[in-house]
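Q: One gets the working numbering by counting positions in the sequence shown from 1 and adding 24 to each.
Derived from the structure by calculation, the hints contain no laboratory data.
This one's a predicted model, so the numbers in the text were calculated from it and none came from an experiment.
One or more of the hints may lead you astray.
[Said to hold, decoys possible] Derived lysine-lysine pairs resembling DSS-like cross-links, with alpha carbons at most 25 Å apart: (1) K95 with K326; (2) K326 with K272; (3) K133 with K95; (4) K133 with K90.
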Amino acid sequence: MNRKITMNGLHSLMGKRVLTLLAFFLFAGASAFAQYCVSWHYYGCGYSSNLYYAAIEEVQFVQNGKILWRKSPDGCVDYQNNTNSQSHYHQITTTPTFSLSYGSNFQIKMNGSERYTYNAVVGIWIDLNRDGDFADNGEFFDNHIVTCRSTTIANGSGTHVPLTTINLSLPCGATGSGASVIRLRSSVNASTYYHWNANQSCTSGSASGPSYYGETEDFAVQLENPTTLAANFFTPDTAYVGTPVLLKNANQTGYIQHNWDIGADGTYEYNTVDAEHVFSAVGTNCIQLRSENCLGVDSITKCLAIVDP
Numbered sequence: 025m026n027r028k029i030t031m032n033g034l035h036s037l038m039g040k041r042v043l044t045l046l047a048f049f050l051f052a053g054a055s056a057f058a059q060y061c062v063s064w065h066y067y068g069c070g071y072s073s074n075l076y077y078a079a080i081e082e083v084q085f086v087q088n089g090k091i092l093w094r095k096s097p098d099g100c101v102d103y104q105n106n107t108n109s110q111s112h113y114h115q116i117t118t119t120p121t122f123s124l125s126y127g128s129n130f131q132i133k134m135n136g137s138e139r140y141t142y143n144a145v146v147g148i149w150i151d152l153n154r155d156g157d158f159a160d161n162g163e164f165f166d167n168h169i170v171t172c173r174s175t176t177i178a179n180g181s182g183t184h185v186p187l188t189t190i191n192l193s194l195p196c197g198a199t200g201s202g203a204s205v206i207r208l209r210s211s212v213n214a215s216t217y218y219h220w221n222a223n224q225s226c227t228s229g230s231a232s233g234p235s236y237y238g239e240t241e242d243f244a245v246q247l248e249n250p251t252t253l254a255a256n257f258f259t260p261d262t263a264y265v266g267t268p269v270l271l272k273n274a275n276q277t278g279y280i281q282h283n284w285d286i287g288a289d290g291t292y293e294y295n296t297v298d299a300e301h302v303f304s305a306v307g308t309n310c311i312q313l314r315s316e317n318c319l320g321v322d323s324i325t326k327c328l329a330i331v332d333p
């Protein structure tokens, strides 16, 4: 049977389809690209003149000695001649530029600059379940004291100061892989009055407390669930007695810990990603590696011959 559709009916049908598609994309976009609160500081890291109050300078994200991402010293980015406004906030990057696995260990290395003799106190938040906020249990990673220079590093008036290393571990129990954000908020370490708590990831423009001075910097990151569990390492079949033997781990990222049992006798001599060992006597020696990630524990044993030169 032939059916006729009038122009009005066609327009109505197309309109419904467009609205349906629009609603789909809006919903998908909202879930895929979560919008985080904009959090600014009353004075920021500078006000009225070229002053620096706990400016976040260089930031590195490091895992197993490898720099995953680095922000160069940039001084007081949100310096403005007005108080209590959104100009005292900035975002570093809007697309994930490095990845971290749930259950893995990593470091944030950073320094800062400060008008007076204080160092900075930095609060760290990570959106572990990627729901667009930092309000869930375990998403606040405490306060950390960061070394500052009394004049800014970025504009050349101050020398580079050592990076403060902050060791962090991502917990297991994630809800899935995808884009997330690590938020850093700095303030002057004048007293514990300026220290952060878990509920202050979105505190804005307060004339008292930690959001009085400092900067807020957001870093996009890709959080990933581990998909495999397989301990493995590389070692030569033969090595000389008294010579360091490198035990190279095949799993450099995504693991909670590694334990090396030299002699496979139940005693762990090393807990590093890779290991190096000197065998003092000739003969056959076996090595067991025990590796753990969010999926569980696996182990492997390999043997090598230790010979005279």
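Q: All hints are to be evaluated individually against the structure, with a verdict given for each.
A: Tested hints:
Restraint check for K95 and K326: not satisfied, since their Cα atoms lie roughly 41 Å apart, outside the 25 Å limit. Distance hint between K326 and K272 is fulfilled; the C-alpha atoms sit about 12 Å from each other, no more than 25 Å. A hinted pair counts as satisfied when its Cα atoms are at most 25 Å apart, and K133 with K95 qualifies at roughly 10 Å. For the hint linking K133 to K90, the alpha-carbon distance of about 12 Å falls within 25 Å, and the restraint holds.
When each numbered hint is compared with the structure, a violation occurs for hint 1 only.
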